[in-house]
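Top line first, the protein sequences correspond to chains V and R.
Read left to right, the first sequence gives residues 1 to 423 (the numbering used here).
Read left to right, the second sequence gives residues 1 to 365 (the numbering used here).
Read the hints as simulated data drawn from the structure, not as lab findings.
Computed from a predicted structure; not experimentally measured.
Check the hints yourself; a few may be wrong.
To be verified - Some but not every residue of chain R turned toward chain V, in silico, with C-beta under 7 Å: (1) Met1; (2) His274; (3) Leu294; (4) Thr310; (5) Arg318.
What the hints assert, rightly or not - Straight-line Cα separation of at most 25 Å, BS3-like style, residue types lysine-lysine; simulated pairs: (6) R:Lys326 - V:Lys362; (7) V:Lys314 - R:Lys176; (8) V:Lys423 - R:Lys263; (9) V:Lys222 - V:Lys362; (10) R:Lys305 - V:Lys12; (11) V:Lys370 - R:Lys176; (12) R:Lys155 - V:Lys314; (13) V:Lys222 - V:Lys65; (14) R:Lys326 - V:Lys314; (15) R:Lys305 - R:Lys108; (16) V:Lys61 - V:Lys347; (17) V:Lys65 - V:Lys53.
Beta carbons are placed, not taken as given, at the ideal position from N, Cα and C, and that holds for glycine.
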Amino acid sequence: MPIDFEVPEDVKNQGNLTQMVAEQVMRKSSRYYDEHEHERPMEYINFIWPFMKTMEAANLKHSLKRADKGNGNGNGHKKASTAQVGMIHLIESLSWGDAGIYLSTPSSALAGAAIQAVGTPDQKERFLDRFTHGEPKWGAMAMTEPNAGSDTSAIRTRAKLDPETNEWVLNGEKIFVTNGKLALEESDGLIVVWATLDPSLGRAGMRPFVVEAGAPGVTVTKQEHKLGIRASDTVSIVFEDARIPYDNILGSPELKKPGAKTEKGFKGAMRTFDSSRPFVAASALGVGRAALEFTRQKLAEEGITVPEAAPYHKLSAIQRDLIQMEADLKAAWLLTVRAGALMDAGKPNSLEASMCKVKAGKSVTTITQKCVELLGPLGYSREFLVEKWMRDAKINDIFEGTGQINTLIVARRILGYSRRELK
Amino acid sequence: MYTFDLTDEQRMLTDMVHRYSERTLRKIYREAEESHELPPEVIEQGWELGLLPASLPEDYGGFGEYSALNGALIAEELGYGDMAASLALLAPNLVATPIYLCGTEEQKQTYLPLFTDAEPPKAASAFLEPVILFDPYQLRATARREGDAYVLNGKKAMVINAPEAELFLIYAHDEKADSPQAFLVPTPAEGLSIGEREKWMGFNALKTFGVELKDVRVPAVNRLGGAAGIDVQRILNSSRIALSALGVGLARAAYEYARDYAKERVAFGEPIAHRQSIAFMLAEMAIDIDATRLMVWEAAWKLDKGQNATHDAYLAARYATHVSLKVTDGAVQVLGGHGYIREHPVELWLRNARSLATLLGAVTV
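Using the sequences plus the hints, can you model the full thing?
This is how it looks when you write it as structure tokens:
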């Protein structure tokens, strides 16, 4: 395939609906849910759920069909599709509406991605079918702990097999779980929990486990109060002798010595970052576009517009800022689309996924802060949404790997260095 | 549908130009810079690659078609080699491409075959002017209609290989049309004088000259595009894309050099690339270079599709200017004291990168 920047037809077609949701449903309640943290944006959730469950059903069917055809376990993306770039466009548009509300979208989300990546056909059926019908449901990923953020090898949540009942017994605490309460207490959802079978093995001892709503010994202990994306549910979860069936482990329970080739379960689930990082970048870019569009519009009302392709000396400082912001958004957008397109084509994209995440996180953090600055009291006022967008934008430089961690990943890749060589 | 792969043909093209860059340009660039002279055989070898004829259709003596995207791929590989040689090699394109894009059929038939000879054509474009606050849309050189001729007056700058030129493409403000127009001026031309060789901060191997125009009379038929004239934006878009791609290649050269150096250079018992302060600089360079390349490609792709690419080319040019400067400066910084010494190429690349804003006609950082 030659170089092509054409938006795929099916992605274009989804645009109208998304725009309508973003404008009519999300923007209208944006401020309300920012100021009523922990309330649920039910209008949006109920509106979007029918679309999400249809999409989940299609994904599940597709994945099981591929498994049936003997294409391994149905994992991976061998055939060119537009699934990733479609999601990237969707997320950008929804986040233009409201990034916090977008994060409350009922779907299997990151849990689904992990299950799709390493689950057996049976596990997919058992865990993901619930997202294709009935009431809205959420899936969530529980990785971070009070003493383990980006350093996943420091995870201390323990998983032990009880041979008597053939159940896994989990103990530990997870924090910053997006949609954790929605998944476990407010719907019949599930979460994927990262726990260690043997802390002495570091990352090699780590496995993802599926914990379904209603599992005994699982408690949501705290709802966070955040800088931004306040419409999004962020909670702590404590596991006290929490019991889950043996078949809820993703990947093999066999342990290998550290240094041996990393086990598929760990690696496969880590690969969910290859799709989730471009999604975070896309969300950032939606917020950035919202802020830039609003700023442009307000400045235009004051008679300040940007002449096309003008020489630099004919531009005011504000016009230059506007051009710079637009160029940064475009640069980050193209990196993001590239990361998605690579995955759609079944090619490795870890480097590109981290690249777009770094660029988008940083650019949009700067852009939204600049917009607040350019608009003066309007920018700082809670009467408008620019100050909120600045707060919302910041998370994208933090979750799914901070800007620093992703820069580190890029650096290791381009230098061909291991974690030991470049700390 | 988004795809970012080169076709097999494009892959062959870039491989070919890359080999030339690596095996020829990278061998001679320093000596050429210090002696202010490009070995003629190097340009001849470059010309033998047939890059310009490959961008012209058979009707005009070529064997391909114009593609801004292919042009960008070529320019990046050339920029990776050496900027002075790249500009010397691409100088005829600055005449041929505008003729192809904006010329009348008769002008194309007359002039374009000159660019498909075995010898590099002796043609020079005179666009820039020796002024601060240069504005490509408001040129200070003027063209006044007098009967069957235009009379050109003013000063031009950075005209590559002007003394040898047998054909100039001179841009001037057409007073009647109130727009920038271009004129085909064969030499000798009365009233056209070539100044001293210009001295620049970088690309000193490139021979450029000021050109002064004093009542230079040009037959009216030599106005590019005839009665319709030119849309300068079309020409600017195409040159902005090519120069931006050159900047991407230049930045890539500096980034790769700094990356390899940082892996070799040991300080405090380990390679300096083991330190985040260095590794992160390199990572950001890689990200910015990729982003700029994508912007250049998108603008070129739009241009080739016949869409309005003005804004995209403008943003790409700004980004390329900014990124090539930032990356080459970073490369000097990574090499530290060694980066400042003329034994390494990065100091020259920094000087060369600084020129992009000027060449791009005040698009700037």
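Going through the earlier hints one by one, which of them does the structure break, listed in rising order? 9, 11, 13
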